[in-house]
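Asks: The chain contents come next:
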Amino acid sequence: MCQECGCSKPGPYQVGDRKVESHTHTLPDGMVLTHAHDHGSAHGHAHGHAHPHQILNLNTGILSANDRAAEQNRGAFKALNLLVLNVVSSPGAGKTALLTKTLNELKGRLRCGVIVGDLATDNDAARLRTTGAPVVQIATGTLCHLEAGMVAEAMKQLDLRALDLLIIENVGNLVCPASFDLGEALRVVLHSVTEGEDKPLKYPPMFHSADAVVVTKTDMSAAAGFDRELALKNIRQAAPHAEVFELSSRTGDGMKVWCDYLIARKAKS
Amino acid sequence: MHEFGIMESALALAEKNTRTAGATQIHRLKVRVGKLSGVVPEALRFAFAALKANTLAAAAEFEIEEVPAVCWCAACAAEFEAKNLNYECPRCHQPSGDLRRGKEMDLASLEIS
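Listed in order, the protein sequences are those of chains E and H. According to the working numbering, the first sequence is numbered sequentially starting from 1. According to the working numbering, the second sequence is numbered sequentially starting from 270.
In isolation and in its complexed conformation, chain E is listed as follows:
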């Protein structure tokens, strides 16, 4: 169990060069609020009478604050007719390599922008900027996933009206990002051939949440002793609804099918 990851308790994080400090305060009625900024909104102060052993049926999502922020993002994306991807995988599965190749291949066909999350450094943003696409780096600090509110902050640094496709590269982690909707239209889960064949069975929530599964590093299949048939069977079992792609960002093999899919999805958005 990860006691350090601090999920749903974000500390200060950084969007580009700007630090976003959050602060928590407790209202007189005990309501605990966490804000990214000062703001002037008023908060309700409702209280009733205590009854002996009252039952409160709440049926409220524990992560409902994130879900609300995600729906706001989704609405904004829809209004802008923007196709948005949330790209997730374990660390080192080739997210940044795939995105760099994708951005280069889509030049002149789709106008792309990227929001990229990592715990620290802007190395990925620097790699992605070599494509000429606008890139915003979110350094999450200790947080092991991106949250919808962070994406909303990062969006402000992009001219979304000038984009057709926004790609969000999540923190490398196959567990926590599964629970945090960012408002994306498509969740893309990467599975590299060097990870073996049973990742989809080991991380069912993430793979089941995928709209597309991309098998990466196919040029290394032989060296890794990758059992393609078994891996595809496992992917279909964990995510029967997902579209499956196989490609190598290094050789470009399979990139055309992947890019055509994005263009077709954009046309539908």
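Bear in mind the hints are in silico, worked out from the structure with no lab data behind them. Keep in mind it's a predicted model, so treat the numbers as computed, not measured. One should not assume that every hint holds.
Said to hold, decoys possible - Straight-line alpha carbon distances no greater than 20 Å define the calculated DMTMM-like cross-link-like pairs of lysine to aspartate or glutamate that follow:
1) H:K372 with H:E357
2) E:K233 with H:D367
3) E:K156 with E:D17
4) H:K372 with E:D211
5) E:K156 with E:E71
6) H:K299 with H:E332
7) E:K266 with E:D164
8) E:K19 with E:D122
9) H:K352 with H:D367
10) E:K78 with E:E153
11) E:K266 with E:D211
12) E:K268 with E:D211
13) H:K372 with E:D67
14) E:K256 with E:E246
15) E:K233 with H:E357
16) E:K107 with E:D118
17) E:K78 with E:D67
18) E:K202 with E:D164
19) E:K202 with H:E284
20) H:K352 with E:D198
21) E:K202 with H:E357
22) E:K268 with E:E243
23) E:K78 with E:D198
24) H:K372 with E:E71
25) H:K299 with H:E284
26) H:K285 with E:D67
27) E:K266 with E:E243
What the hints assert, rightly or not - Covered by chain H, according to a simulated footprint, are these stretches of chain E (three or more residues, beta-carbon under 8 Å):
28) 167–181
29) 228–239
As the list claims (entries may be wrong) - Partial selection, computed: residues in chain E whose CB lies under 7 Å from chain H:
30) I55
31) L56
32) N57
33) N59
34) T60
35) G61
36) I62
37) L110
38) T142
39) P204
40) H208
Where a beta carbon is used, it is the ideal one built from N, C-alpha and C, also for glycine.
Using the hints provided, position chain H relative to the given structure of chain E.
Replies: Okay, now just chain H, sitting in the frame of chain E:
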């Protein structure tokens, strides 16, 4: 994996609702966790035990309602439980990606006074 953070959020939500109702103590806290929520019930129990001190739920019983993964088969117009990660309809053997239940991560109810 992230059960500590999720439990902290659940406790904050529970305390907020308890205070809003004018109560001072939580006797029972019930959460609802789906098979595909990414939350492990045992880890959540451990997180509750570790975090409950100094909250309104310090003496509360903790209850987890587990929700199975239930899919909708359009061909059969019926639901089926996806047992052991098998999303194939037991009637027509077509796989379904239409998950109807199983992603819940809810604060279900509180017993307070």
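Asks: Would you mind marking each hint as holding or not holding in the structure?
Replies: These are the hints, each one checked on the structure:
This hinted pair checks out: H:K372 and H:E357 have alpha carbons roughly 18 Å apart, not beyond 20 Å. Under the criterion of a C-alpha separation no larger than 20 Å, the hint pairing E:K233 with H:D367 is consistent with the structure, at around 19 Å. A distance of roughly 13 Å separates the Cα atoms of E:K156 and E:D17; the hinted pair therefore holds under the 20 Å criterion. For the suggested pair H:K372 and E:D211, the alpha carbons sit about 16 Å apart, so the restraint of at most 20 Å is met.
The suggested pairing of E:K156 with E:E71 holds, with an alpha-carbon distance near 16 Å, which does not exceed 20 Å. For the hint linking H:K299 to H:E332, the alpha-carbon distance of about 5 Å falls within 20 Å, and the restraint holds. At roughly 7 Å between alpha-carbon atoms, E:K266 and E:D164 fall within 20 Å of each other, so this suggested pair holds. For the hint linking E:K19 to E:D122, the alpha-carbon distance of about 14 Å falls within 20 Å, and the restraint holds.
Proximity of H:K352 to H:D367 is assessed by CA-CA distance (about 15 Å); at most 20 Å being required, the pair is judged to hold. Proximity of E:K78 to E:E153 is assessed by CA-CA distance (about 17 Å); at most 20 Å being required, the pair is judged to hold. With a C-alpha separation of about 14 Å, the suggested pair E:K266 and E:D211 falls inside the 20 Å cut-off, and the hint holds. This hinted pair checks out: E:K268 and E:D211 have alpha carbons roughly 15 Å apart, not beyond 20 Å.
With a C-alpha separation of about 13 Å, the suggested pairing of H:K372 with E:D67 holds against the 20 Å cut-off. Distance check on the hinted pair: E:K256 and E:E246 sit about 11 Å apart at the alpha-carbon level, within 20 Å; holds. Annotation: proposed proximity of E:K233 to H:E357 holds, straight-line Cα distance about 13 Å (limit 20 Å). A distance of roughly 25 Å separates the Cα atoms of E:K107 and E:D118; the hinted pair therefore is violated under the 20 Å criterion.
A hinted pair counts as satisfied when its Cα atoms are at most 20 Å apart, and E:K78 with E:D67 qualifies at roughly 16 Å. Distance check on the hinted pair: E:K202 and E:D164 sit about 34 Å apart at the alpha-carbon level, beyond 20 Å; violated. Among the hinted pairs, E:K202 with H:E284 is inconsistent with the structure: their alpha-carbon atoms are about 35 Å apart, more than 20 Å. The hinted pair formed by H:K352 and E:D198 meets the criterion: a straight-line CA distance of about 18 Å does not exceed 20 Å.
Annotation: proposed proximity of E:K202 to H:E357 holds, straight-line Cα distance about 19 Å (limit 20 Å). With a CA separation close to 16 Å, the supplied pair E:K268 and E:E243 stays within the 20 Å bound. Of the supplied pair hints, the one linking E:K78 and E:D198 is violated, its CA atoms being roughly 35 Å apart against a limit of 20 Å. Of the supplied pair hints, the one linking H:K372 and E:E71 holds, its CA atoms being roughly 17 Å apart against a limit of 20 Å.
In summary, the hint linking H:K299 to H:E284 is supported, as the alpha carbons are separated by about 13 Å, within the 20 Å threshold. Of the supplied pair hints, the one linking H:K285 and E:D67 holds, its CA atoms being roughly 19 Å apart against a limit of 20 Å. The hinted pair formed by E:K266 and E:E243 meets the criterion: a straight-line CA distance of about 15 Å does not exceed 20 Å. With a cut-off of 8 Å between beta carbons, the stretch 167–181 of chain E has 4 residues touching chain H; three or more are needed, and the interface restraint holds.
Using a Cβ-Cβ cut-off of 8 Å, 4 residues of the stretch 228–239 of chain E lie near chain H, which meets the minimum of three, so the contact claim holds. Because the beta carbon of E:I55 sits about 5 Å from the nearest beta carbon in chain H, less than 7 Å, this interface hint is met. Of the supplied interface hints, the one on E:L56 holds, with its beta-carbon coming within about 4 Å of a beta-carbon of chain H, less than 7 Å. Interface restraint check: E:N57 against chain H, minimum CB-CB distance 5 Å, threshold 7 Å, status holds.
The closest approach between the C-beta of E:N59 and any C-beta of chain H is roughly 6 Å, which is under the 7 Å cut-off, so the hint is satisfied. Given hint, E:T60 at the interface with chain H, holds; its Cβ is 5 Å from that chain's nearest Cβ, closer than 7 Å. Taken as an interface hint, E:G61 checks out: its beta carbon lies about 6 Å from the nearest beta carbon of chain H, inside 7 Å. Here the hint on E:I62 is kept, as its CB sits about 5 Å from the closest CB of chain H, short of 7 Å.
Proximity of E:L110 to chain H is violated relative to the hint, the smallest CB-CB distance being about 26 Å (cut-off 7 Å). Checking E:T142 against chain H: minimum C-beta separation of about 11 Å lies over 7 Å; hint violated. A cut of 7 Å between beta carbons decides the hint on E:P204: the least distance to chain H is about 6 Å, and the hint holds. Interface hint status for E:H208: upheld, as the beta-carbon distance to the closest one in chain H is roughly 6 Å, under 7 Å.
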